[in-house]
Amino acid sequence: MAERFALEARGLTKRFGDTTALDALDLGVAAGEVVCLLGANGAGKTTTINLFLGFLQPDGGEARVHGVNVAEDPLHARRQVAYLPESVALYPRLTGLENLEFFDRLSGGGHSVTELTELLDRSGLPTNVVHRRTSTYSKGMRQKVGIAIAMARGARCLLLDEPLSGLDPSAAGSLCRSIGELRDAGSAVLMASHDIFRAKEIGTRIGIMMGGRLVNLLDAAALDASEIEAIYLEHMRVAEQGSPERAA
Amino acid sequence: MNGALLFKEATLLRREPFVRGLLLVLVLLVVAGVLTGIQRAQVFDKERTSAQAIDRSVWMNQGERNPHSAAHFSRYAFRPDAALALLDPGTTDFSGLAIWMEAHYQDPAVFRRAEDSGELSRYAQLTPAFLVVTVAPLLVFLLLFGSVSGEREDGTLRQLLATGVDARSFFLAKLVAALRVTLGIYTLVFVPLAALSLFMSPASAGFDALLRSVMLYLNFAAYLAIFVLIGLGVSALFRTRQTAFIALVCIWVLSTVLLPRFATDLATRVYPQLDAREASTKLGKASGVYYADAERRDRIRSDLLERHGVNDVDDLPFNYNAYVLQVSEELSEPEFDRFYADLDARHAAQESVARSLSLLSPTLATARLSAGLSGTDRIHQRAFAGAAEAHRRAMIKLLNEDYMNNAGTAGAAYTADAELWAEFENLAYRPPSLGRVASAYAWDALLLVAWLTAAAWAAYLLVRRAVRGEGSAA
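Taken in order, these protein sequences are the chains called A and B. To convert, note that position 52 of the first sequence is 34 in our numbering; the numbers rise steadily by one, no gaps. Positions in the second sequence are counted from 1; adding 751 to them yields our numbering.
Hints were generated in silico from the structure; no laboratory data involved. For every residue, glycine included, the Cβ atom is placed at its ideal position computed from N, Cα and C. Don't take each hint at face value.
Simulated crosslink set (EDC-like; lysine to aspartate or glutamate; CA at most 20 angstroms straight-line) [said to hold, decoys possible]: (1) A:Lys121 / B:Glu904; (2) B:Lys1033 / B:Glu1140; (3) A:Lys121 / B:Asp905; (4) B:Lys1148 / B:Glu1174; (5) B:Lys1033 / B:Asp1088.
Here are some chain A residues pointing at chain B (derived, C-beta under 7 angstroms) [said to hold, decoys possible]: (6) Leu35; (7) Leu88; (8) Ser89; (9) Val112.
So the derived list for chain A, only partly shown, Cβ under 10 angstroms to chain B, looks like this [what the hints assert, rightly or not]: (10) Pro56; (11) Arg61; (12) Ala71; (13) Gly90; (14) Val95.
Pulled out of the complex, with its shape left as it was, chain A reads as follows (with noise of 0.2 angstroms):
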């Protein structure tokens, strides 16, 4: 029986001490689908991102990509994902070219020198700098090649943690018609971001997630950045006035 969704969480939980960082989310990305989830600082975006990368151990429910669980094979599950943090960290001392051609035969994917040129190009890499070692890049250059790194490996899944993060519009743009591309050649990302119109602009569905909650899943189609801003800020208000700071 065909999965229904290549990225998967069952009543994923992750606590930290007394904290719950993760209360029982639920949540499926299929393929060809972009889901972003949008949430303050400690909502639990990046610890979902960690969990499906198997860099952290639930302690309830568990995380699936394309049907493996991450916790009992961690190794299978990441050879079947992308990952691109925040920032992108690349080895200073190798090339752009370089650092995508060792992330490339990493994976197996065997791709020759020109069709990695391509790729970083793809990428919005400007061709002058592919052969500058990475020492010398800029986040945004960094970023793009992070992308191209994800086009190359060809994963059906993508995790994403807030890659627009200090980037400027030009080069934000440009990392987000990247992430589409990805999608419409049928990955699932899942993109965690502070950016309420990037996520419009790129994401099928939007997740808001607060205190470790998933709190509402919207379909991004439906509604436009101004509609989402205000459910968001609503679930905010409900949020700090349900805090016990706010209650004394």
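Model the placement of chain B on the given structure of chain A, informed by the hints.
The following block gives chain B in isolation, referenced to the frame of chain A:
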């Protein structure tokens, strides 16, 4: 083995800013070490050849004299340079180049180069062994302190793990790349040096010298591999390059600089060196053992007369005084053997104290193996002293027997000439083969293997811990 990881590691190490600087420093040190080594060997050889020729000439030209007088006139036994002394001169400068072979007395070796050198000369001995044992570990640490800590600090480890790389592949790639660079440079330096050393050694060294140089190569390779593993393990223990660097420099100072010095001090404190005056007194007593016991002297005399059926020593068919000289020699021999065996046991006990500290650092075991394989340690010096003593006893016996059998009625006025002196050949010393002395180094070799195994295991566990910790720290 993950080829992509290995390729990346090798490329990064090649581009490590330290590598070129380290290579340059290493080449300069090696060149300086080799030049001083060659100079040292040439000076040794010149001094020895010249001294040996003078000694032989003086001996042969001493004219006619009583053989016992010639036995006191005496000769030197010269120790040839070990085949691999260029790589590790060991105790050569401290143990003496020659032994004075005279009647009644087994002398210790003399002509220690250290006695003729300045106080600071011991710090300037840039021998290849010193470079490998003391300097190379620091260079290895400078190369590797950021190997894992840098990946953690930069976030690339997390990026790698997200692609499904496992701890074992990561560790193996790091290890193999580091070993390739370290052992590659080491091999490039060692092989020409060993070839030069073998080329400069006497042809008689042959296969044994080749075998020794192969074992020496393996000894140093294992030692460097241990420091590569320590470098990787400690780098994995810390989250930043800075802390890993500080920790590794501390380890280097403790293990290669302070511990060997401490081991030497501790060994001589537990088993103090024999006082020179005490040694001289004991050797004097050993020399005069025949004359110290009047009762035994009388018994020997009466037994001899009885055996030959005569009442007076003048009626014996040989010279009695010469006979007494030889008996005196033979009575002293076990005393000398005992004295030098005790002295050797004291040195061995000192070494055993140092050996026990090898559990704290592989440096001591490697240094001992290095000197042993190069043929420049206490065991080889002892073998030379033993050969010189056997030569002395044979030659003194030759002179005494000539005196005994040919003096006739001339007695003390009897003289021999160059025909007899020519029978007192130079000592043709051949050092013991590795096979004959190998058992003396078994414990050090075992310690090194234990260190290698333990370091490999510990490094793997530390890297695995860092890899797992990177996930949970996210």
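Checked hints:
Restraint check for Lys121 (chain A) and Glu904 (chain B): satisfied, since their Cα atoms lie roughly 17 angstroms apart, inside the 20 angstroms limit. About 17 angstroms separates the Cα atoms of Lys1033 (chain B) and Glu1140 (chain B), which keeps this hinted pair within 20 angstroms; it holds. Taking the CA atoms of Lys121 (chain A) and Asp905 (chain B), the gap is near 13 angstroms; set against the 20 angstroms cutoff, the hint holds. Distance check on the hinted pair: Lys1148 (chain B) and Glu1174 (chain B) sit about 12 angstroms apart at the alpha-carbon level, within 20 angstroms; holds.
With a CA separation close to 12 angstroms, the supplied pair Lys1033 (chain B) and Asp1088 (chain B) stays within the 20 angstroms bound. Using the Cβ-Cβ criterion of 7 angstroms, the hint placing Leu35 (chain A) at the interface with chain B is satisfied: the shortest such distance is roughly 6 angstroms. The closest approach between the C-beta of Leu88 (chain A) and any C-beta of chain B is roughly 4 angstroms, which is under the 7 angstroms cut-off, so the hint is satisfied. For Ser89 (chain A), the suggested interface contact is upheld, since its CB lies about 6 angstroms from the closest CB of chain B, less than 7 angstroms.
Because the closest C-beta pair between Val112 (chain A) and chain B is about 17 angstroms apart, greater than 7 angstroms, the hint is violated. For Pro56 (chain A), the shortest C-beta to C-beta distance to chain B is roughly 8 angstroms, which falls under 10 angstroms, so the interface hint holds. At a threshold of 10 angstroms, the smallest CB-CB gap from Arg61 (chain A) to chain B is about 4 angstroms, leaving the interface hint in force. Interface hint at Ala71 (chain A): satisfied, since its Cβ lies 3 angstroms from the closest Cβ of chain B, which is below the 10 angstroms cut-off.
Residue-level restraint check for Gly90 (chain A) holds (minimum Cβ-Cβ distance to chain B is 9 angstroms; threshold 10 angstroms). A hinted interface residue such as Val95 (chain A) counts as satisfied when its beta carbon comes closer than 10 angstroms to some beta carbon of chain B; here the least separation is about 14 angstroms, so the hint is violated.
Checked against the numbered hints given earlier, the structure breaks hints 9, 14 and satisfies all the rest.
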